[in-house]
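Participant: Build the complex: two chains, separate frames, hints provided.
Letter by letter, the chains look like this.
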Amino acid sequence: MAQRFNALPGFKRTLGFTLFYLSAIVLIPIGGLVIKVLGLSWSELWELATKPRAIAAYKLSFGASFIAASVNAVFGTILAWVLVRYTFPGKRFVDALVDIPFALPTAVAGLTLANLFAPNGWLGSFLTPLGIKGAYSALGVVIALTFVSLPFVVRTVQPILESLERDVEEAAATLGAGRVTTFFKVVLPVLLPSVITGFALSFARAVGEFGSVIFISSNIPRQTEIVPLVIITYLDEYEFTSAMALATVMLVVSFVLLITINLLERWASRYQA
Amino acid sequence: MGFQIPSIMAGGHTISGKSQRGSEDSPIARAILLTVALGFVLLFLLLPLVNVFVQAFAKGLAFYRESLVDPDSIAAIKLTLTIAAISVPLNLIFGLVGSWAIAKFNFPGKPFLLTLIDLPFAISPVVAGLMFVVLFGRQGFFGPWLEDHNIRIIFALPGMVLATVFVTFPFVARELIPIMEATGTDQEQAALTLGANGWQTFWHVTLPSVKWGLLYGVILCNARAMGEFGAVSVVSGHITGQTDTLPLRVEKLYQGTTSGTAAFAVASLLAFLALITLAVKTFLEWRSARAETAAQRLVPDTEVQ
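Note that the protein sequences, when read in sequence, are chains A and B.
Take 1 as the starting number for the first sequence in this note's numbering and just add one per residue.
Take 1001 as the starting number for the second sequence in this note's numbering and just add one per residue.
Calculated from the structure, these hints are not laboratory results.
Please note: incorrect hints may appear among the correct ones.
[What the hints assert, rightly or not] Here are the simulated lysine-lysine pairs, DSSO-like style, with alpha carbons at most 27 angstroms apart:
1) K12(A) <-> K36(A)
2) K1252(B) <-> K1078(B)
3) K1252(B) <-> K133(A)
4) K1211(B) <-> K1110(B)
5) K1078(B) <-> K1059(B)
6) K12(A) <-> K1059(B)
7) K12(A) <-> K1211(B)
8) K1059(B) <-> K1252(B)
9) K59(A) <-> K133(A)
Only a predicted model underlies this, so the values are computations on that prediction, with no experimental measurement involved.
Pulled out of the complex, with its shape left as it was, chain B reads as follows (with noise of 0.2 angstroms):
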């Protein structure tokens, strides 16, 4: 568990047949409870969605189309969907890295190397990006031999790369380990008793086992990479059109205009983002829960991990 969205692994129980009226709640208490949570749901979560795409079109879809067509915004749609593309592979690789000698072999210390990788969901964004400032900044670290080499890394792409690196470091590593920890070694060890070196293995045994909770991971690694504010924030310079990403870019159109519907345009998109999103997550989710039933159903009388 931790500061991550629980891993698909966590599957849910099946009911048993017995009464169950001892523990059920009076009707009364019932409809409190349900009427509590629900109205809890619809004022702080679905109405602030639903406002994001009816403040977005409040001017018309011409205004909105105007809004992102503007070539400061399609700036922002390329630079957000680059540093996407470049952070959410290197987390990818370590994830399926990290898990395989995480979740495959014992080691001393390994709880505290867990801990380490948790690191990054501890830690404020904000000051996440001033580390980087203080290692390449002008008063940092090598600021004098950057400078010097003419290399530019904070108030650019790299520094924000980095930034979106360090937030989302986690997601998939920490996707990875439990499934590959509950599948353990057995099928791997078979593989390469039959002759299958060890990329082999990898690719044929350990990969097709993983792959759905490598998907999960990676969207929500997508998901935050494409959404990050205050790490970005601090190391982006917010030059516009150049290193204004989509959520800096909502940021700058909410303090420049009075009615803020060309930020809500903009925030529609990242709004979209999520709801994508979460959709693949719930679909993942459904897929898994299905999974499991049908492996419950056949072998009934063992207790299905």
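This is chain A alone, in the form it adopts within the complex (with noise of 0.2 angstroms):
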């Protein structure tokens, strides 16, 4: 679109402001603890952001976010075909229960979880006795991290598999492709972006999550404690700047992600319309 003669009044005043906010919640926050990091040497820093403690806890936070992001890359690619292809009563009901993660307070979710998953509770009277530990467990923290993070895959390949024309699976039935073979040579290639993104987006929600996990996991220091709990111990203990050395590891991680997550969404949008 060529740029034209633009007559709204207030764009000065409106990302003045913009900038101003942004700043003062967002920018000057983290510049903060960046400055504070800064003042440590980096000897100093890499020591206390490589305790056995702090690499237990990167093990498991990022072990079980990439766990967690996997099954519901899997799940939710076919929740999602399920919830665009297929009709069945009580579609919108479970539409709508979809996004039950992105509504429930984090505490909630990892109230009931642990409580399901106890050995006294619905699931866990099940589980317990066929030697499977869900709750009070590295399990436990997988589980917490599936939920909260389940709606990314679903709401991130939904769009793309409405939008995918019918016409061309169509076209590979014609020509004798067998249903299997479409899909993975047809349907696959143009979902398999969306399916990373959100997988990408599920394994970021995942590495920051705390509260739902706290509930549901035993925190024993070096076995199911994960990075945000190592954090907060640091700070309940004064110990301020081992707090600051991890959390600096996440904030760059976080970083990481948000880039690695922009050029997957702009990769994903090639093939729609």
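Facilitator: Below is the structure:
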């Protein structure tokens, strides 16, 4: 679109306010942390950020988030497929349910999941005899993270699937391709960018999650302790610099994920009309 | 798109009348996929939600009532409402002003500015809370000065509001920007040509065209503001009856009691809030989908955005 004359007033004032508010709420707090951390030497920062307790927490946080995002990539895609392609009673209700993890406070999610998977809970009473410990374990962390990051894949794949022309699949069928071949050769390549974007969003959400996990995890140092919990524990113990070192690692991870997601979304929108 | 629930702008496509036999799944595949998908929804979404209410009433209605009218729970309800009543309007004003600047004008660095607005969605709430401790805590930049002047920010209401404003920062703006971009500036330019001033144009032209999207953003912003845990937990100080919000109260009751029924009673309030949020959201989406179909019926040969 050609640049036209824009007679709308208030550009300078509204942009000025936007930049002021953004600075006051977001940029200055981030800058404060960065400046404080820059006061440390590299070796000091490295040593604090790589203590055994921190390393164990990174492994759990990133590992559990990866598993949770993978589970959601598979089941979220299936769910999106079912919601777009099939008609069944209660479809609108199921579609609305998908957003529950966005709307339900994470503390409530953690509370109810811990109760469900506890040895005497509705699900735990079935799983415990099988030797599966859903609550107060590393598996519990995965369960909580799967719940909180569940809507992302569904909601990124759904619009792509809706805009997908079924004619292409018809053409594949006419040319003799079976349904499975059509799915893997025709549908999946188009869906994949959005599935990966949804996966990245799920992962980013899961890595930073705190509220739900502390309810369902046993929170034992070096075993079932996620990074945000280590940061809070350090703060409570007045180990200010250690808390900041770990927060810096998490902040860098957030930046990298945000940039990755931006690039992925640009890649994913290639296929969209 | 991004970290948020996709905009209500994302409308569905109407199904055409032609045969789609070649793109239909076999009955067996259909049955398997439906079972897997619905089983996943049942186990991971419906059961946890139902469980909140079942556990909340596990010890009967009297106990439920008692848990809620407890002075500390009442204080938590009041604090949560206060924090939301300050944070949501702040982000609402930013959302309107910011989307006006970003959607109605072209300027260099716009994509970068949008990325900065998304930052609070990417940053862990605990890290966000820590940032405010770094600024205003006892060992922080302004800590000594604040202490000298007897101003409390951390472990008090101002810090909790700041943390909440941070985590809910993008909600309204992110909802409004795509809607304002889609409507363009023609109507505003026309209003200005006809002699309206900037404010009149905003109130009578721009605001009515984004009101549903605005409501949508505010509802989501409010749900997050009332339910935030991590960021608020860092700056709260957990003083019972004073700096415990509803989610923090849930945690304290869960750790303090053996059965957790009281925790579930308080949690049921938040779950109820989530249900209202979802109901309003579903209604707004239904409304926008209906408006889109109506628009398509009016102009059958034009592609409706």
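Participant: Take the C-alpha atoms of K1078(B) and K1059(B), compute the straight-line distance between them, and say whether it is at most 27 angstroms.
Facilitator: holds, 25 angstroms
Participant: For the pair we were handed, K1211(B) and K1110(B), check the Cα-Cα distance against 27 angstroms.
Facilitator: holds, 24 angstroms
Participant: Given the hint that K1059(B) pairs with K1252(B), does the C-alpha gap stay at or below 27 angstroms?
Facilitator: Given pair K1059(B), K1252(B) holds - Cα atoms ~19 angstroms apart, limit 27 angstroms.
Participant: Would the hint linking K12(A) and K1059(B) be met if the CA-CA limit is 27 angstroms?
Facilitator: Judged against 27 angstroms, a Cα distance of about 59 angstroms means the pair is violated.
Participant: Check the hint pairing K59(A) with K133(A) against an upper bound of 27 angstroms on the C-alpha distance.
Facilitator: Answer holds: K59(A) to K133(A) is near 20 angstroms, not above 27 angstroms.
Participant: Regarding the pair K12(A) and K36(A), is the alpha-carbon distance no greater than 27 angstroms?
Facilitator: violated, 33 angstroms
Participant: Given the hinted pair K1252(B) and K133(A), is their alpha-carbon gap at most 27 angstroms?
Facilitator: Given pair K1252(B), K133(A) holds - Cα atoms ~24 angstroms apart, limit 27 angstroms.
Participant: With a cut-off of 27 angstroms on the C-alpha distance, tell me whether K1252(B) and K1078(B) pass.
Facilitator: This hinted pair holds, its Cα atoms lying about 17 angstroms apart.
Participant: Going straight from one Cα to the other, do K12(A) and K1211(B) come out at no more than 27 angstroms?
Facilitator: holds, 24 angstroms
The structure does not agree with the numbered hints 1, 6 stated previously, though it agrees with the rest.
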